[in-house]
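Student: Hey, can you work out the whole structure from these sequences and the hints?
If you're matching them up, the sequences are chains L and R in order. The first sequence maps to residues 1 to 337 in the numbering used here. The second sequence maps to residues 1001 to 1176 in the numbering used here.
Simulated from the structure, these hints should not be mistaken for lab results. By construction, the Cβ of each residue, glycine as well, lies at the ideal position given by its N, Cα and C atoms. Incorrect hints may appear among the rest.
[Said to hold, decoys possible] No farther apart than 30 Å at their CA atoms in a straight line, the calculated lysine-lysine pairs in the DSSO-like style are these:
1. L:K245 with R:K1098
2. R:K1052 with L:K131
3. L:K131 with R:K1053
4. R:K1098 with L:K237
5. L:K159 with L:K237
[Said to hold, decoys possible] Covered, in the sense of this in silico footprint (three residues per stretch, anywhere, with C-beta under 8 Å from a C-beta of chain L), are these stretches of chain R:
6. 1068-1080
7. 1093-1099
8. 1103-1110
9. 1124-1132
10. 1139-1153
[Stated by the list, open to error] Computed spacing ranges between beta-carbons, pair by pair:
11. R:M1101 with L:L104: 33 to 41 Å
12. L:A98 with R:Q1155: 16 to 24 Å
13. L:R209 with R:P1046: 51 to 59 Å
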Amino acid sequence: MELNHIPEIDYISGSRLERVLRAGRFAVTAELNPPDSADPQEVYDAALVLSRVCDAINATDGSGANCHMSSVAICSLLTRAGYEPVMQVSCRDRNRIAIQGDVLGGAAMGVKNLLCLTGDDTTAGDQPEAKRVFDLDAIQLLRTVKIMRDESCYLSGRKITSPPRLLLGAASNPFIPPYDWRAYRLAKKIEAGANFIQTQYCYDVPRFRQFMSQVRDLGLDQKVCLLVGVGPLRSDKAAEFMRTKVPGVVIPDQIVDRLRKTPAEKKAEEGKKICVEIIQQVREIQGVAGVHVMAYRQEELVAEIIEEAGLLPRPRQSAAPEEDPLRQARKRRRGSS
Amino acid sequence: MSLGSWLRDRPHLLEKIYQVVEKGAWRLNPLIRRLGYQRVERLIKPFEDAGKKLVFDCRTCGQCILHSTGMTCPMSCPKNLRNGPCGGTRENGHCEVKPEMRCVWVEAYERSCQMPIYGEELTWIQPPVNLLLYDRSAWITMLTEEDQVLPSCWQATEELTLLEDIQSIWPQQEEK
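Tutor: Here it is as structure tokens:
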């Protein structure tokens, strides 16, 4: 591939996701639902399905404030098997000391993409009585990791001997108030260090178009790669649940009505169709660099959606001979002694 | 209607008051220094707390950025966000955590659009909170510049360099 001509040094992290985005290909990322289990096989089962259809796999960090296997651990399992994760970091559960440590740990395990999130509030989950931390917010977190990467030091100024090479991501939710300010908030995140954006579930395409035109007017589409969040709805009941119980998800009435009018046995099929249609619609919008597919515990369905939306085959990972971080470390040690 | 909510609905008046008091505080700074910051802090703290609690529901973080956040206290956001709204705001503009409360940042945005002097400071990137200043007088930490002490590697950027036409949504500042 032509990409091989670009010197490695020009890449921020050299991740597969970065290569796809830089090549101007329409990127696909997907969310892996973390298991409630100590068995690594459950992670690998999900990853096997997803890896074939996407460029990077998001490992969520206690999404919805529910307890699952941690994102650092999932990422370490994934990188060990040669998969490319996007490590999600939320500010809800850890303070700046723990987060900076996890960022280094993740990078040491071979993580090359990091998504910085504020995080759902504790009250959204099944342990609402827990203490919320929010020592940093998403923008301060982005800036902190950017400093670690580019200045090779912690926030305190203490040196990091080998800085984490990470492509930095942030979230954006254009579908909720204050609508006019959402594009400015995106600008703030880019200024703080975001290289790519993954949005909340998009079901309201007209609203998203409006947002994107504001993004283009501000010239932000030139400075960041924007991936639109999409996902299938299993039924009108599931849609109703999502829009009332999951923070920040907006589903217009017409989509819920469309599912309600569909006979029960065809609802899931219709939900998938709606998702594919949304992918095709957002793909036409100028400034959209890819999609991020999320579906709760339905990895097979994600794969079908990506296939039906015509996004396969994914570009293969270009040869990366030194993927194994342990081997790299060993080699470095040998070199220095 | 209470005095607090009457004032809250007049952000342009509040920012004017802030501007005048800030100027006054800097002018009095040499005198305050001679009296001793600690002594003056003990003296003004109860009044500062009572006033700010009444109008802004102040959480005494000791590093006040009210004028940069549309005269709306960011610490009253349940997630203590200082850089803008999270992704959980409800469609009706209410808070994800407290459904009966309007989102702090929806209000901050609305109010800062009515603030010609400091309104556009809403786009500034605010550094992480310094918990060492908790429960201090924000006026005193401003004068001693303790609120300017940042984590040593923090890169302070104020105006968004990538937006040139940031003025377009905020009202033009009056000539002073």
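Student: Mind listing which of the numbered hints don't hold for this structure, in increasing order?
Tutor: Those not satisfied come down to hint 5.
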